[in-house]
Amino acid sequence: MKIDKILNKEISRINLHLPKTRKSLAKLLEEDEPKVELRDGSKHYFKKEELLFLSSLIDEWEKDKLFLPIVLELTPVWHGYFKIHGKIEVKVIEKILGTYDILEEKSEVTLPRYLLPKIRRKLPTTTTYAFIME
Amino acid sequence: MPEILKVKPTRMELLKLKRRIKLAQKGHKLLKEKQDALIMEFFTIYDEALSLRKELAQKMEEAFAALRLAEIDVGLLKLKEVALGVKPNNEITIRKRNIMGVPVPLIEAESFKRKPDERGYPFVSTSSRVDIAAQKFEEVLDVAVRLAEVEETLKRLAREIEKTKRRVNALEYIIIPRMEATVKFISQRLDEIERENFFRLKRVKALLEARHA
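Just so you know, the protein sequences line up as chains Z and P, in that order. The first sequence begins at 1 in the working numbering and counts up one residue at a time. The second sequence begins at 1001 in the working numbering and counts up one residue at a time.
Everything labelled a hint here was simulated from the structure, so no lab data went into it. Model, not experiment: these values are computed from the prediction. Take the hints with a grain of salt, since some may be wrong.
Quick partial rundown of chain Z residues pointing at chain P, CB under 10 Å, derived from the structure [stated by the list, open to error]:
{"#": "1", "residue": "K23"}
{"#": "2", "residue": "I96"}
{"#": "3", "residue": "Y100"}
{"#": "4", "residue": "P117"}
{"#": "5", "residue": "T125"}
Built from N, CA and C at the ideal position, the CB exists for glycine as well.
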């Protein structure tokens, strides 16, 4: 039926803006035009000043381990919250929010959604949303 | 009462429809999430656009005030002559970034502010008021470019919000209710068929018993 096709297309289209492969901060800093290729084939460019800002937040050795863009996961199951995976990613986000604690090493964090504007204002090109159906 | 779909009232269709409702509900939830995220993003950028607009209005006012003073100082004709000699400023590069499937412009430009000797007009025949006016207009240019990026992003996000909202509403108020009404109709029709069969069997049994008696 036609409606099935449309719905399936809509669901498969919802995450086409995610990158095919993420690049490390160290690699992006070396590029003249830092960018990643997205699943729909288009390109997503990063702001250089944002990359420099990110590199000021982390240690030198962590630049190879921070993969960009940072994915902010939204899921209908956790309505009102979003998730971030990855140790360095969590460190960066917590530093931006001012909640970073050096004694805690988290590899995943769940945060309330009202904090999203604060993160997006600071990192508009180096963060992206992902819609997860659990 | 929502309309019902034109389908045969069979058990097969009922199962198919139930599967389709689940798919539609999944799609609806995801699209609703996307809509919420888009709205949040829109308002984040809207705040920035508002403050940039204010800044631009203020800078424009200052720039035109400085221009008026420069006109008084050196005269309109001389000012036009100076303006003709001004070198072109830095160029901007427009790239793209993606917000939830919406391609938006990413303008990266170095500052348009220049030193007086880089502007290209002679100092001898002008005054410091001309320099101030030029400097003020370069500041305007800086803000205008940033505002252009932000406002175009807002426009594109608004269009995407409208599209997503239309899809969410279609699913929520038309497609899902219509499918649910059809499921209800098929279930009722199947129950009715079952009752008819049961009654028919009872009647046949009663007739057979009457004949044997």
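Exercise for the section: Against the earlier hints, flag every one the structure doesn't satisfy and list their numbers going up. Expected result: Structure breaks hints 1, 2, 3.
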